[in-house]
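Chemist: Spelled out, the chains give:
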Amino acid sequence: MEIATREFKRCTVVEVSGRIDSATAPELAAVLKELTDKGKYDLVLDMSDVDFISSAGLRVLIDTQKTCQRMNRGRLVLADVAEPIYEAFDLAGFVALFDFYEGQLEAVGSF
Amino acid sequence: MCSEQKRVFSARYESLEAIDAFVANAAECAGFDRCTVYQVQLAVDEACSNIIEHAYGGEDRGVIECSHRIQDGELTIVLRDYGQPFNPAVVPEPDIEAGLEDRPEGGLGLYFIRNIMDEVVFEFDPVTGNVLTLVKRQGNIC
Numbered sequence: 001m002e003i004a005t006r007e008f009k010r011c012t013v014v015e016v017s018g019r020i021d022s023a024t025a026p027e028l029a030a031v032l033k034e035l036t037d038k039g040k041y042d043l044v045l046d047m048s049d050v051d052f053i054s055s056a057g058l059r060v061l062i063d064t065q066k067t068c069q070r071m072n073r074g075r076l077v078l079a080d081v082a083e084p085i086y087e088a089f090d091l092a093g094f095v096a097l098f099d100f101y102e103g104q105l106e107a108v109g110s111f
Numbered sequence: 001m002c003s004e005q006k007r008v009f010s011a012r013y014e015s016l017e018a019i020d021a022f023v024a025n026a027a028e029c030a031g032f033d034r035c036t037v038y039q040v041q042l043a044v045d046e047a048c049s050n051i052i053e054h055a056y057g058g059e060d061r062g063v064i065e066c067s068h069r070i071q072d073g074e075l076t077i078v079l080r081d082y083g084q085p086f087n088p089a090v091v092p093e094p095d096i097e098a099g100l101e102d103r104p105e106g107g108l109g110l111y112f113i114r115n116i117m118d119e120v121v122f123e124f125d126p127v128t129g130n131v132l133t134l135v136k137r138q139g140n141i142c
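Residue numbers (this note's numbering), protein chains in the order written: chain L, 1 to 111; chain C, 1 to 142.
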């Protein structure tokens, strides 16, 4: 898994590639926590290059969304989620908890 | 390459990627579409993560034996470990309709396994180890 962050005027984009599983989820959690600790609560997770995400990764997304949405101060949105991953999100009841965008540009434009 | 039917992996999180590749190859050999292949990958990843975390109580304390069989379009995956037995009945179903603040932390892995696979059988034996048999039939998801 590789992670890159890009700052935009109204939000921060986190680009992840590879697998988010029990081995790598802690690293993603650390990057996202570093952002929210700096007061960055408007986040786009670009998942265009994510091959796989397990429940360990989903827990990181839920925790981050809770932190972002506290006191209505922001939100975590997801961009370019591959169909098999979206199916798993749907099965987990995650579709109601996140806004999904087709691409990074649309996601950034939503802020 | 569809002939390799059994492999033994170290029970550590770094092995998950190799286990994933092993079962994805099996699911592709069974002729599954990409969403069904992904579902098999997800169920097996969750099962192996549970073995490492709960059966062995941490990394590098044993092995995970993974084997598969393809017959009549049906994929059977068998995972064996030699850790503590695990009673799936004590794990509550997560409330997947709960709002964000009420979402439970755990239970999602077992939920995925139960809801993705067509058959899920846990067997426990102090001599021959814990055996989880997972069966998936061809779906038509994507």
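Quick caveat, the hints were computed from the structure, so don't treat them as lab data.
Among the hints, a few may not be true.
[Stated by the list, open to error] Beta-carbon label-pair distances, calculated as ranges: (1) 30(L) - 71(C): 19 to 25 Å; (2) 4(L) - 123(C): 40 to 46 Å; (3) 90(L) - 6(C): 31 to 37 Å; (4) 90(L) - 89(C): 23 to 29 Å.
[Claimed, not checked] Footprint (simulated), chain L over chain C, 3 or more residues, beta carbon under 8 Å: (5) 83-90; (6) 108-116.
C-beta: ideal position from N, C-alpha, C; glycine also.
Chemist: Run every hint past the structure and note whether it holds.
Modeler: We went through each hint and held it up to the structure:
no. : hint                      : result
1   : 30(L) - 71(C): 19 to 25 Å : 44 Å, violated
2   : 4(L) - 123(C): 40 to 46 Å : 45 Å, holds
3   : 90(L) - 6(C): 31 to 37 Å  : 33 Å, holds
4   : 90(L) - 89(C): 23 to 29 Å : 26 Å, holds
5   : 83-90                     : violated (count 0)
6   : 108-116                   : holds (count 6)
In the structure shown, a violation is registered for the earlier hints numbered 1 and 5, in ascending order.
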